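Asks: Listed in order, the protein sequences are those of chains A and B. Residue numbering for the first sequence follows this note's numbering, beginning at 1 and increasing consecutively. Residue numbering for the second sequence follows this note's numbering, beginning at 1001 and increasing consecutively.
The hints are simulated quantities; they were obtained by calculation from the structure and are not laboratory data. Quantities reported herein were computed from a predicted structural model and do not represent experimental measurements. Keep in mind that the hints are not guaranteed to be accurate.
Stated by the list, open to error - Ranges of calculated distance between the beta carbons of each label pair, as one might list FRET restraints:
id, chain 1, residue 1, chain 2, residue 2, range
1, A, Ala160, B, Gly1326, 54 to 64 Å
2, B, Ala1109, A, Ile110, 50 to 60 Å
3, B, His1068, A, Phe123, 53 to 63 Å
4, B, Ala1109, A, Pro176, 21 to 31 Å
5, A, Ile243, B, Ser1121, 55 to 65 Å
6, B, Arg1014, A, Ala160, 27 to 37 Å
7, B, Arg1014, A, Gly99, 23 to 33 Å
8, B, Arg1131, A, Gly47, 51 to 61 Å
9, B, Arg1014, A, Ile101, 21 to 31 Å
10, B, Ala1109, A, Arg257, 26 to 36 Å
11, A, Gly130, B, Arg1014, 21 to 31 Å
12, B, Ala1109, A, Pro85, 27 to 37 Å
Unchecked claim - Here are some chain A residues pointing at chain B (derived, C-beta under 10 Å):
id, residue
13, Gly47
14, Leu158
15, Gln159
16, Met161
17, Ser164
18, Ala170
19, Gly171
20, Ala174
21, Pro176
22, Arg178
23, His182
Glycine included, each C-beta is placed from N, C-alpha and C at the ideal position.
Below, each chain spelled out in residue letters.
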Amino acid sequence: MRAGRLQPWTLLVACVVAIYGFILGPIAITTAVSFNATNRSFFPPRGFSLKWWGEAFAPQWLQPLQFSLELAALTALIATIVGVPLAFAFARHEFAGKGLIRAITLGPLILPTLVTGIALLQFLTTIGLGRWMGYWALLIGHVVICLPFSVRTIAISLQAMPGSVESAAAGLGASPLRVLRHVTLPLITPGVFAGMSFAFIHSFTDINLSLFVAKPGQRPITVAILSFLDFGFAPTLAALSIISLLIPLLLVALLGRFIGIGNFLYQEQARG
Amino acid sequence: MAEAALRLSGLVKRFGAHAAVDGIDLAVAPGEFVTLLGPSGCGKTTTLNLVAGFLSADAGHITLAGRHVEELPPFKRDLGMVFQDYALFPHLSVADNVGFGLKMRGVAAAESATRVREALSLVKLDGLETRKPLQLSGGQRQRVALARALVIRPAMLLLDEPLSNLDLKLREEMRIEISALQRRLKIATIFVTHDQSEALTMSDRIAVMRNGRIEQLGRPAEIYERPATRFVAGFIGSINMIGARIVGAPDGNGVARLETAAGPAHARLPAGAALGAQVTLTVRPERLKLGPPGGAPHAVNSWPATIERVIYLGARLELRLRLADGAVALAEAANDGATRWSEGQTTQAWFQPGDSWVIAEAADST
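The shape of chain B in the complex, shown without the other chains (with noise of 0.2 Å):
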């Protein structure tokens, strides 16, 4: 395997008694996209100042293509970062934002022009160069600090919040191109957001935080599908989470029974669950299905529940279930005018064993 482009390794930072990062080991692989998510405080963006050498580590090491950085400061560390608040010098032209770096690194001023040039074009801000930060809008803001990170040819982009800033169209717009635009020029890059949506779309793999440390680290489809804590599945997406007790062996699919409240399930274990202890089972609301009014249960995985509440979302229909034992649960369906919901009407909730998830964590603790 090729040297990752960043490694972090047992990286601590605290503020007086509290430690806002707290052991992080994290390798991050030449092009790779990686996010680090998580709520405010999780100790996200401490870590990419860390990694920036805006802070300094309290314990553990960070290693850019091998070489430790612990100890340089961030004007010799070579990274482009693009800030929530993108940073851009007001009194400065477009230009001379965008050559900033250049000009730091003495590169000769043909040269910077071309390249500066180059980097505006290439985030579709060509005939801006002499423009003001202040005559620019939001979006085209976050593009010249994007431009000016990337100019530079720095050994890893970090990314933190730069979209938290713009208005949700653009939010989306922006995601996209900064991904093609990662993927193109096959930087290394950290992403820092606390939006789900931006994780999941954007990243190669998430590292999803919580009390300065990493909850789980994985490819998107493996943080939404088989989140490992309650935490995580509960951050990312909505969820439904029951208590459950493991009554049965798991069979050659995984998959094993459970003991529910709501009443008996079959579901797939993750590795090391143990007979009768006990857990969590979780169902995505897409994935569990109502039974059409008024037919026969399915045989495994169903429960009878009422409609207590539809939510209209237009694409698809939120429906707030009550089951059998008072538990609330949720249900995505499409809007596809096949099947008509209706409030207090009564049906079966059910999923496949395939669609679920169980997390190794009792139902009553956090």
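So that you can see chain A by itself, here it is in the shape it has in the complex (with noise of 0.2 Å):
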């Protein structure tokens, strides 16, 4: 009886345990990898060398990544300008056509990305705008997918914010510009940070967009990692992907730790 009880909550305990294996396990064979002191990606490591980071610290390497955060941070900060008025739109009005237009914001978040890259790229060859390949269509092509992440977080604090407190505002003598800024924005900022940094890491990491309309010398990383790939899996890959893995991590960390992102990422809902 007992042994029978038991069983459905180990087979819980073990795949859980197997989850978090098969999140930490790659990430920490691939930063072991980076240390190899051969040229090929041996685990575990074969010696210890640094010269892999050295290597990806190259110009080669460190344009298309400066790049990628030239772009990230440029798609996140628009998406953010774009995303806060759409949200008030869809949280707190109706209007007609209101279904499809939030469908068709929201539509990239479900439409597999490199749909979204093949139908930009003969958008604009067929519209006549084939020389805007290349950073103009980057960053189109990154806002639209973006624009999801930071309209939806944006409205979710809208709504999640209790209608009472900014009738509470206005009660109190706070004209309705005034509510907004000293008690709606204040009040959303974490959600539109979150929104902002979703927006930037899925830019970031995004591969599949990028793969049609970047042109050559104006890669993002993904793209250029992507394209060594042909040569083999070179350490240098191993110390780049660590690479593309703190940014979002640090981006992330100081916004939780100075806006407090983190109720919003960890949907811990703090209400007054």
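Bring the two chains, given one by one in their own frames, into a single complex with the hints.
Replies: As structure tokens, this is what we get:
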């Protein structure tokens, strides 16, 4: 009886352990591989060397890395600037065509990015804007696929805020603009920054769309890594992967520390 | 008579085809505490939101101290409101929460700080200025909300079920405190609640609401002892309602003879009750007495009854009785040890004519 009751529990624990194993294992192995002294990716690493890390900071890699960072930052900024009014519209107002506009805005969330990439490529060529290919196409495409993240997160923070807080401010003599400035915006700030970091991360880690619209010489780090994979998985790539992993991690940690987006990421609603 | 602090006339608010507020007239005197009491959906909160300006009326007028405010947005109405969920600003400290209204009014920082301190001390929260709302208990949040509403010295205080999120003991404490504060500040107040005991203990007058209308407006004792309708009688406290017919003309004290299924009765009539009319005879359980077991029946309003159940309430006993016609009646007796009641015992249930009240509605109507 006792063993029978324990079995499902044991199975669940095993599953959870396995899931964490598969999350952390690859990261651990990749990290280890990047310290190989040989020029092949052995695990366990043969010898210890920092030369691949040195290699990873060569201009060949720093340039796409910087490109990716700039692209992601600009994408996140635009997605947020466009996302805030859209989120207000979706969360607060009823208007004709709302369902359709919302579906179009959030569509890229469920559409394979690969499809969006091919479609964008086709579209720009067809309407004669093929020369936009490269940076502008990348930026437009990234904003399109990142916008749902900021809109959704901001809309959720608006909906989570009890409406009575704004009524209370109005009752205390605050005009609608001052309610927005002193109450609404401060309260959705964590949501705005969470949405911004989601957009940043999604842009920074995108490869599907970038693969189609990036021009040689203006390649994001992900595309650069993929191209280099043709020559085999060198330890440099391991080091680069870890760098690409650390950047979003650092961003989330910083925002969590200073703005408290942690509540947002981990669904701990704190209300007053 | 002084100008009313608030006057509502012919107030109507519809949501689609449904009239949530369906023609309300009400005047609140300066310094008066008026409670809007009713079940959920009766329109009490909608009425409050109309006064505050969060909703706009479809018809009717709202005047605050003689000034029409229907067209004014909430932030120009100068009212202090306390919300059911307190609606504190979670990102601001207690002091900034309380000082919010002063800041919006452009009160200088030094004066504002003094007034915030005074307001916090008024609600006994001295020293908590720097806390955030999340670090406060429910009762403390309630006090902050109250201080925030009062510090702006509003023309009127609006309280939207402010006690419903507190536990029982705290609720009873806050009842007394809010009442005392309101009396001291002499601020006209509208209090919305569905809790009859809050309404009875705190109000100068109670407006019992139902389906968007005021069913009865009066002092707590009037509402309790002379309910105008069966709804009001049933909503506040427990009550015995017995179908009756007026068979005699009222005497000098307004007491007339009635016929009921349980037996004849003498009871006080409301003005305008016609001979022969079908009415409802009401007696509160605490006014329904039980004859000493085996004793002689009293002269009037005395019906044989069987005690079906004795419910022990500590200081009091609730007795469920079965009358001769099969109807159930409730009586309440002090648990004074003088008489022991037991289930199955037969006795006489009786009441003084002055302890009853007749409602001019037939028993089967609602």
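Asks: All hints are to be evaluated individually against the structure, with a verdict given for each.
Replies: Evaluation of the provided hints:
The hint said 54 to 64 Å for the Cβ distance between alanine 160 of chain A and glycine 1326 of chain B, and at roughly 55 Å that hint holds. A hinted range of 50 to 60 Å holds for the C-beta pair alanine 1109 of chain B and isoleucine 110 of chain A, which are about 52 Å apart. The hinted range of 53 to 63 Å is satisfied by histidine 1068 of chain B and phenylalanine 123 of chain A, whose Cβ atoms lie roughly 58 Å apart. Taking the beta carbon of each, alanine 1109 of chain B and proline 176 of chain A are about 24 Å apart, inside 21 to 31 Å as hinted.
For isoleucine 243 of chain A and serine 1121 of chain B, the Cβ-Cβ distance of about 57 Å falls inside the hinted range of 55 to 65 Å, so the restraint holds. At about 30 Å, the CB distance of arginine 1014 of chain B to alanine 160 of chain A agrees with the hint of 27 to 37 Å. A hinted range of 23 to 33 Å for the beta carbons of arginine 1014 of chain B and glycine 99 of chain A is consistent with their spacing of about 26 Å. A beta carbon spacing of about 58 Å between arginine 1131 of chain B and glycine 47 of chain A agrees with the range 51 to 61 Å that was offered as a hint.
For arginine 1014 of chain B and isoleucine 101 of chain A, the hinted distance range of 21 to 31 Å is satisfied, since their beta carbons lie about 30 Å from each other. Between alanine 1109 of chain B and arginine 257 of chain A the C-beta distance comes to about 31 Å, which sits within the given range of 26 to 36 Å. The beta-carbon spacing between glycine 130 of chain A and arginine 1014 of chain B, approximately 58 Å, falls outside the hinted interval of 21 to 31 Å. In this structure the supplied range 27 to 37 Å holds for alanine 1109 of chain B paired with proline 85 of chain A, their Cβ-Cβ distance being about 34 Å.
Because the beta carbon of glycine 47 of chain A sits about 53 Å from the nearest beta carbon in chain B, more than 10 Å, this interface hint is broken. Here the hint on leucine 158 of chain A is broken, as its CB sits about 14 Å from the closest CB of chain B, past 10 Å. The closest approach between the C-beta of glutamine 159 of chain A and any C-beta of chain B is roughly 15 Å, which is over the 10 Å cut-off, so the hint fails. Because the closest C-beta pair between methionine 161 of chain A and chain B is about 9 Å apart, less than 10 Å, the hint holds.
Taking 10 Å as the C-beta cut-off, the interface hint given for serine 164 of chain A holds, the closest approach to chain B being about 4 Å. The beta carbon of alanine 170 of chain A is positioned within 10 Å of a beta carbon in chain B (closest approach about 4 Å), and the interface hint is therefore held. This hint holds: glycine 171 of chain A has a C-beta 5 Å from the nearest C-beta of chain B, less than the 10 Å allowed. Against a cut-off of 10 Å between C-beta atoms, the interface hint on alanine 174 of chain A holds, since the closest Cβ of chain B lies about 5 Å away.
Annotation: interface hint on proline 176 of chain A holds; nearest CB of chain B at approximately 8 Å, less than 10 Å. The beta carbon of arginine 178 of chain A is positioned within 10 Å of a beta carbon in chain B (closest approach about 6 Å), and the interface hint is therefore held. At a threshold of 10 Å, the smallest CB-CB gap from histidine 182 of chain A to chain B is about 7 Å, leaving the interface hint in force.
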